[in-house]
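Each protein sequence line maps, in turn, to chains A and B. Under this note's numbering, the first residue of the first sequence carries the number 1, and numbering increases by one thereafter. Under this note's numbering, the first residue of the second sequence carries the number 1, and numbering increases by one thereafter.
Everything labelled a hint here was simulated from the structure, so no lab data went into it. Watch out, some of these pointers could steer you wrong.
As the list claims (entries may be wrong) - Listed below are the simulated BS3-like cross-link pairs for lysine-lysine, each with C-alpha atoms no more than 27 Å apart in a straight line:
#1 Lys426/A x Lys192/B
#2 Lys395/A x Lys103/B
#3 Lys324/A x Lys55/A
#4 Lys386/A x Lys374/A
#5 Lys264/B x Lys218/A
#6 Lys264/B x Lys395/A
#7 Lys182/A x Lys135/A
#8 Lys192/B x Lys294/B
#9 Lys55/A x Lys156/A
#10 Lys264/B x Lys413/A
#11 Lys264/B x Lys135/A
#12 Lys192/B x Lys78/A
#13 Lys83/A x Lys192/B
#14 Lys264/B x Lys314/A
#15 Lys83/A x Lys264/B
#16 Lys414/A x Lys294/B
#17 Lys386/A x Lys264/B
#18 Lys78/A x Lys294/B
#19 Lys235/A x Lys83/A
What the hints assert, rightly or not - Looking from chain B toward chain A, a few residues come up when the C-beta cut is under 7 Å (computed):
#20 Pro136
#21 Ser189
#22 Lys192
#23 Ala203
#24 Gly246
#25 Arg249
Stated by the list, open to error - Footprint (simulated), chain A over chain B, 3 or more residues, beta carbon under 8 Å:
#26 103-115
#27 158-169
Glycine residues also receive a C-beta, built at the ideal position from the N, C-alpha and C atoms.
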Amino acid sequence: MRKKCWSLVMSLLILVGLVLTGCGDSEEKNTAKGDSSSEVNLKMAVFPADEETFKKAYEEFHKENPNINIEFESFPQKQYYEKIRIQLSSGIGYDLFAGQIDTMVDTGILAPLDEHIKESDMDVSGFGNMYDAMKVEDEVLGLPYRKSNWMMYYNKDLFDEKGVEYPSDDMTWAEFRELSEKMTSGKAGNKTYGAYIQQWPQTWYMSAVQDGASIIDKDLSPFKDALQNRVDLEKDGSIMSWSEQITTGAHYNAAFQKGNVAMNIIGDWHVAQLRQAEADGDISFDWDVVPIPHPEGVQKNTTLALPVGLMMNKNTKHEEAAFKALKFFTGKEGAKTFASEGYITGYVDDEIKEAYLGDGSQKPENLHYFLETKEYPEYPMLPGVKNIVVQQIYKQEGELALLGEQTVEETIKKIEERVQSEWASKYEE
Amino acid sequence: MGAPKKKKSNFTRKNRLVAYAFLLPNIIGFLVFIFIPVIASFLMSFTSWNGFGQIEFIGFENYVNLIHDPNFRISFINSILFLLISVPITLFLSMVAAVALNKGIRFVKVFRTAVFLPYVTATVAVAAVWQLVFNPTMGPINGFLSSIGIDNPPGWLTSPEWALFSVSIVYIWHSVGYYMVLYLAGLQSIPKNLYEAADIDGAGPISKFFNVTIPMMSPIIFFTTIIGVINSFKVFDFIFVLTDGGPGRSTHVLVYDIYNTAFKQFEYGYASAMAYVLFLLILIFTFLQYQGQKKWNN
């Protein structure tokens, strides 16, 4: 009896000990030194949609640097930032991670890259003015590997069927509304929609931003027309109503692929999605792209973009190797892989353009529009803007306007007040 | 005399040690996963922290800010409204179900299972079905309402006025089975002779219900009320999957707001302060429940 008890206590102690040393071990692994000659293991967090392309680029990278191994990790888009932030703050981190720099800058763990860029003679000319625009307090804290421009996709078959001319590359929002109405037909059940507008706030406020307004301005009156435009489209019945989108869980990709949507305003990544669908035999209609509509008096092909960057953890134990990988993915080599998959890359030069346009065998025919855009950032790259201003204030108040709960006038006024009280008071020095 | 006594205390000491050894896994689990986080979040509620770097101690600032925070006020009011709608209806319906299914009718087990089933069904799957049911244009509810001549049926989940109520309906449907089981247990523990005595006195079924069943059930009714209130304060999953807090802020409740503040805006200190306000509310009801239990046990 006595012996049994002791062995029980002992085994419990061993169990606890094992658990504790288990934790200790993994930490030791992370602190193991890695110089460039020996094997280095890097961990990198990326958006789920980009994982495959990163892996493709990594194959190339690994050929050149066989001693650097990269393990990719990914989380559902909706929880991406909360997951990687928790991982990073608990010390089990990533050496590199993808994301929007403004949502990570407050962590203070982004390694400044200026030194590395200078030392390694990295060619940054391909980033254009984005290189300077993305600096935070004069420091480069990340480099863009994707730009996420907005474009309009259209279903050529539907236009042919109705005998309507394809949308032009120089269309105002008012003309877009008319065209959408023209392309709409049928009743609930087998309705053909003139357009599909994803239920994100960007899709309604974009026309004001195209005109140079910013969503954190003190005076937001330019946004009245933008919101009114969306409300009108819904009133005409030429787009799926917001409430129907919500209750059916509608999504731009599936909606457009279904074939009953004439025009779809969404980002450049949709090219890759549609190519995939074509390869899988999910869609049979012909499609193409044109620039998004623009407000009266604004240059055509003015669009919104949202650079997605690659950042380096300043606590990484393998700084050299990590930067090598970052340089590869965001620079020319990585850009080539991303461009040939149909993404607009941060780094662009003639060779990348060529890779992007391909040999013309792949759709869409008019891909070149994406390379000729003039773009405004979707929102100012400041801490809290995305999480509070876009995803709370613009989303919530916009919804109420689309439901007819408050007028456009009231909505914009409320947004003005809330931006000041909920964002500016906290984040604006 | 001294020797055996010593031996005995030695024995009890060893016994105690063994007992602790058995308890150790639980104690460690409690310390690591409950006690330490609870203390840590309490301390965190006096700080401003985004998960990285310096933790700044700011005293009661978070709590003071809560008073003036319109988002917090909205979610607080919504939580109370949600409670007022869902708890009474849930308890009423589960009592009705329990009384109805307490009798030895045919297939009673099938019916009991049917009522209990929603409680053990996965929330996310349930939400997808309810979204179809509530669909304002194609859903069966509004289909029925317009067929009986109601021109403007509500938008349910997509209407700021109805959204909280709609979520409550789903929540009630989900929880009735759980409380019914508790009530069934209570009903079956009422001694039969009380009903026989009432029969002799000539009491009808309604009079028996109010004069025998209800008084005998009062401890369990009290218990379920408190548990119901606590659970309704903690509602999150249904809100998250059915409306995601919308439209506007019409279904923001306390836990949803805490989640948003901590994991979308990364203000851990502020979110902890909110969590402690919620904790205080729940503590009050737990205390009431504890007092009540003492009263009825005596």
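So, going through the hints one by one against the coordinates:
Annotation: proposed proximity of Lys426/A to Lys192/B is violated, straight-line Cα distance about 66 Å (limit 27 Å). Of the supplied pair hints, the one linking Lys395/A and Lys103/B is violated, its CA atoms being roughly 52 Å apart against a limit of 27 Å. Proposed proximity of Lys324/A and Lys55/A is supported: the alpha carbons are some 16 Å apart, at most 27 Å. Our distance criterion of 27 Å between C-alpha atoms is met by Lys386/A and Lys374/A, whose separation comes to about 22 Å.
Restraint check for Lys264/B and Lys218/A: satisfied, since their Cα atoms lie roughly 24 Å apart, inside the 27 Å limit. With a C-alpha separation of about 14 Å, the suggested pair Lys264/B and Lys395/A falls inside the 27 Å cut-off, and the hint holds. Restraint check: the Cα-Cα separation between Lys182/A and Lys135/A comes to about 45 Å, which exceeds 27 Å; the hinted pair is violated. Straight-line distance between C-alpha atoms of Lys192/B and Lys294/B comes to about 26 Å, which keeps the hinted pair within the 27 Å bound.
About 33 Å separates the Cα atoms of Lys55/A and Lys156/A, which puts this hinted pair outside 27 Å; it is violated. The suggested pairing of Lys264/B with Lys413/A holds, with an alpha-carbon distance near 25 Å, which does not exceed 27 Å. At most 27 Å may separate the alpha-carbon atoms for a hinted pair to count; Lys264/B and Lys135/A meet this at roughly 24 Å. Taken as a hint, the Lys192/B and Lys78/A pair is broken in the structure, with Cα atoms around 57 Å apart against an allowance of 27 Å.
With a C-alpha separation of about 57 Å, the suggested pairing of Lys83/A with Lys192/B is violated against the 27 Å cut-off. Among the hinted pairs, Lys264/B with Lys314/A is consistent with the structure: their alpha-carbon atoms are about 23 Å apart, no more than 27 Å. For the hint pairing Lys83/A with Lys264/B, the CA-to-CA distance comes to about 10 Å; that is within 27 Å, so the pair holds. For the given pair, Lys414/A sits about 51 Å from Lys294/B by alpha-carbon distance, which is inconsistent with the 27 Å threshold.
As the CA atoms of Lys386/A and Lys264/B are separated by approximately 10 Å, the hinted pair is consistent with the 27 Å bound. A C-alpha spacing of about 47 Å is found between Lys78/A and Lys294/B, which places the hinted pair above 27 Å, so the restraint is violated. For a cut-off of 27 Å, the pair hint linking Lys235/A to Lys83/A is broken: about 39 Å separates their Cα positions. Against a cut-off of 7 Å between C-beta atoms, the interface hint on Pro136/B holds, since the closest Cβ of chain A lies about 6 Å away.
Given the 7 Å rule on beta carbons, the hint for Ser189/B is violated: about 39 Å separates it from the nearest Cβ of chain A. Contact between Lys192/B and chain A, as hinted, is not supported at the beta carbon level, the nearest pair being about 48 Å apart and thus beyond 7 Å. Interface hint status for Ala203/B: violated, as the beta-carbon distance to the closest one in chain A is roughly 50 Å, over 7 Å. With 7 Å as the threshold, the beta carbon of Gly246/B comes within range of chain A, its nearest partner Cβ sitting at about 6 Å, so the hint holds.
Below 7 Å, beta-carbon pairs count as interface contacts, and Arg249/B has one with chain A at about 5 Å; its hint therefore holds. Residue count for the segment 103-115 of chain B with a Cβ under 8 Å from a Cβ of chain A: 0. That is fewer than the three needed, and the coverage hint is violated. Residues of the segment 158-169 of chain B with a Cβ under 8 Å from some Cβ of chain A number 3, which satisfies the need for three, so the listed coverage holds.
Of the numbered hints given earlier, the model fails hints 1, 2, 7, 9, 12, 13, 16, 18, 19, 21, 22, 23 and 26; all others are met.
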